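The whole structure should be built from the sequences, with the hints applied where relevant.
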Amino acid sequence: PPLPAGRACLSHRTQDGRSGEKEEEEDEGCYRLYPGHIPTSPLQKALLAAGSAVMALYDPYRHDMVAVLGETTGCLALPNLRDKMKNHPEGYRILQERPRIRLSTLDMARLQGLPDGSLGREYVRFLEDNKVSPDTRMPPKFIDDEELAYVIQRYREVHDLMHTLLGMPTNMLGEVVVKWFEAIQTGLPMCVLGAAFGPVRLSARKLQVLATELVPWAIRSGRNASCVLNIYYEQRWEQPVESLREEIGIFPPPAIRV
Amino acid sequence: VYQVFESVAKKYDVMNDSMTLGIHRVWKDILVHKMNPSPGTLLLDVAGGTGDIAFRFINYVRASRERQLQRKLRHHQNLSWQEISESYQEDKSNSLGDSQVVVCDINKEMLKVGKQKAQHLGYSAGLSWVLGNAEELPFDDDKFDVYTIAFGIRNVTRIDLALQEAYRVLKPGGRFLCLEFSHVSNPLLSRLYDLYSFQVIPVLGEVIAGDWKSYQYLVESIRRFPPQEEFKAMIEDAGFFKVDYQNLNFGIVAIHSGFKL
Chain C
1 PPLPAGRACL SHRTQDGRSG EKEEEEDEGC YRLYPGHIPT SPLQKALLAA GSAVMALYDP
61 YRHDMVAVLG ETTGCLALPN LRDKMKNHPE GYRILQERPR IRLSTLDMAR LQGLPDGSLG
121 REYVRFLEDN KVSPDTRMPP KFIDDEELAY VIQRYREVHD LMHTLLGMPT NMLGEVVVKW
181 FEAIQTGLPM CVLGAAFGPV RLSARKLQVL ATELVPWAIR SGRNASCVLN IYYEQRWEQP
241 VESLREEIGI FPPPAIRV
Chain V
1 VYQVFESVAK KYDVMNDSMT LGIHRVWKDI LVHKMNPSPG TLLLDVAGGT GDIAFRFINY
61 VRASRERQLQ RKLRHHQNLS WQEISESYQE DKSNSLGDSQ VVVCDINKEM LKVGKQKAQH
121 LGYSAGLSWV LGNAEELPFD DDKFDVYTIA FGIRNVTRID LALQEAYRVL KPGGRFLCLE
181 FSHVSNPLLS RLYDLYSFQV IPVLGEVIAG DWKSYQYLVE SIRRFPPQEE FKAMIEDAGF
241 FKVDYQNLNF GIVAIHSGFK L
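From first to last, the protein sequence lines stand for chains C and V. 1 is the number of the first residue of the first sequence in UniProt numbering; add one for each residue after it. 1 is the number of the first residue of the second sequence in UniProt numbering; add one for each residue after it.
Just so you know, these hints were derived from the structure itself, not from any lab. Because the structure is a prediction, the values reported are computed rather than measured. Each hint should be verified, as a subset may be incorrect.
[To be verified] Here are the in silico distance ranges between beta carbons for each label pair:
id, chain 1, residue 1, chain 2, residue 2, range
1, V, Thr20, C, Arg205, 44 to 54 Å
2, V, Leu195, C, Asp144, 13 to 23 Å
3, C, Pro139, V, Thr20, 25 to 35 Å
4, V, Pro187, C, Tyr31, 22 to 32 Å
[As the list claims (entries may be wrong)] Derived contacts from chain V toward chain C, CB cut-off under 8 Å, selection only:
id, residue
5, Val200
6, Val207
7, Trp212
[What the hints assert, rightly or not] From the derived model, a few chain V residues whose C-beta atoms are all more than 12 Å from chain C:
id, residue
8, Asp13
9, Thr20
10, Arg25
11, Gln68
12, Asn94
13, Ala118
14, Val130
15, Asp140
16, Asp142
17, Asp237
18, Ala238
19, Gly239
20, Lys242
21, Gln246
Using N, Cα and C, we set each Cβ at its ideal position, and we do this for glycine too.
Take a look at the structure:
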């Protein structure tokens, strides 16, 4: 049977050991801020952060753990990002209109028909080449602010576009490079941890390329670029990737096969 | 309840070990020791999903049977060769002494995991797996010597029906045994237990099984379950006699026992 609304907040109240049942009935202040929201106490968030970090390292296929880590450690970085968006005309519009990047909202046929080199055409090419879909992004669960939940959702959905703009594939090396870029751009601890620990599974040759060429470029671009969440990508599909890179401030990627 | 256990089945055992720090194994051992089954016992383990009680029962009965055979051998030192070879054949096919356990569970996924475990651990004789509902068991009256339900009855919607069914399928003289989470009366311990339950367990569920909600449900279902005395009264209502309970770990878990006379 489906769990009735309000169940999720039981964890909040019974910290002082009172009977759970009473709490459920008399407590109406506890609520879900958005679909999928699971309210958590600070202790739970701390435990989740630690647990998800360990699990993400132990089993790299647990993408859900990376997502949880991002949510439980983003309490400083996310408001920062949100404010950057608020103070920028395009970012502000994104916060108002709340666009979502999903297969159902994208006109794939139209994007495929765009000229080579345009954002839309290259994005679709990236999705096809790497066999990924924008619909596999985890929805947020542990963020206790509805607007911040959107910000992290937007960050996740824009991730594939980061790959496209940076010209990085979805293999381990490519992901680490994107993480470095995102770490500089967003300041999210999860990105910092991913950037720092991601390379442990790479071969020595790849590590060398990473350290000498890719990471310095990613850092330079990350610092030079304006906030990537302030770009309304859905309104720029026709724009050539190179032009968009210049506009944002991303330097051309090094000529290396990743 | 079904969907909760469908997603939970594969990680069930890992989660049990993590949540109880392995102590659930001790609880289950105590249950089977309390049962003290002799060879030839027919056990029905309800909500037995992944087979923990069933395997322990088989181990116990096998050990008991071996002791029985050793005693027999010591007494029969003057057998003829024919008698000795006959007894070997008889004993080989009877290492369990005709004991049997039927594992009944409402959830296919849990049974599947149980069967795989059995195969992996080498259990085959005297073991059968049946899909069924504790509130309406697919068995005839007066069939079993012992009925066990370990950490299952709190998930049953109509506990009274499950108890009535337990009474029905037990033979006269049969024993009902229930291992279940119960109530901690010690106030300090109760607070620590609540803290652990509500703060840590859903987190473990999310990290290990990727499933917060099922483990939140678990913790809530434990709180909803009637305390020791109330459950004892319910068992008596179903017709059982000599109903008693034994607290384990200060009431975190309790074993209730009753007889059909």
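Comparing the hints with the structure gives:
Checked against the hint of 44 to 54 Å, the C-beta distance between V:Thr20 and C:Arg205 comes to roughly 46 Å, which is consistent with it. In this structure the hint that V:Leu195 and C:Asp144 lie 13 to 23 Å apart at CB holds, the actual value being about 20 Å. For the hinted restraint 25 to 35 Å between C:Pro139 and V:Thr20, the CB-CB distance of approximately 31 Å keeps it satisfied. In this structure the hint that V:Pro187 and C:Tyr31 lie 22 to 32 Å apart at CB holds, the actual value being about 30 Å.
Taking 8 Å as the C-beta contact cut-off toward chain C, the hint placing V:Val200 at the interface holds, the least distance being around 6 Å. With its C-beta approaching chain C no nearer than about 4 Å, V:Val207 sits inside the 8 Å limit, and its interface hint holds. The closest approach between the C-beta of V:Trp212 and any C-beta of chain C is roughly 6 Å, which is under the 8 Å cut-off, so the hint is satisfied. Non-interface status of V:Asp13 relative to chain C is upheld: no Cβ of that chain comes within 12 Å, the nearest being about 17 Å off.
With a least CB separation of 17 Å from chain C, V:Thr20 remains clear of the 12 Å interface cut-off, as annotated. Taking the minimum C-beta to C-beta distance to chain C, about 23 Å, the non-interface status of V:Arg25 holds against the 12 Å cut. No Cβ of chain C approaches the Cβ of V:Gln68 within 12 Å, the least distance being about 47 Å, so the stated non-interface status holds. Non-interface call for V:Asn94 relative to chain C: holds, since the shortest CB-CB distance, roughly 45 Å, exceeds 12 Å.
Taking the minimum C-beta to C-beta distance to chain C, about 27 Å, the non-interface status of V:Ala118 holds against the 12 Å cut. Chain C leaves V:Val130 outside its interface by the beta-carbon criterion, the shortest separation being 24 Å against a cut-off of 12 Å. Against the 12 Å criterion, V:Asp140 stays outside the reach of chain C, whose nearest CB is about 31 Å from its own CB. No beta-carbon of chain C comes within 12 Å of the beta-carbon of V:Asp142; the shortest separation is about 34 Å.
No beta-carbon of chain C is positioned within 12 Å of the beta-carbon of V:Asp237; the least distance is around 22 Å. With 12 Å as the threshold on Cβ separation, the claim that V:Ala238 sits away from chain C holds: the shortest Cβ distance comes to roughly 24 Å. Its beta-carbon lying about 29 Å from the closest one in chain C, V:Gly239 satisfies the requirement of being farther than 12 Å from that chain. At roughly 31 Å from the closest C-beta of chain C, the C-beta of V:Lys242 stays outside 12 Å, upholding its exclusion from the interface.
Every CB of chain C lies more than 12 Å from the CB of V:Gln246, the least distance being 24 Å, so the non-interface label holds.
Every hint from the earlier list agrees with this structure, and none is contradicted.
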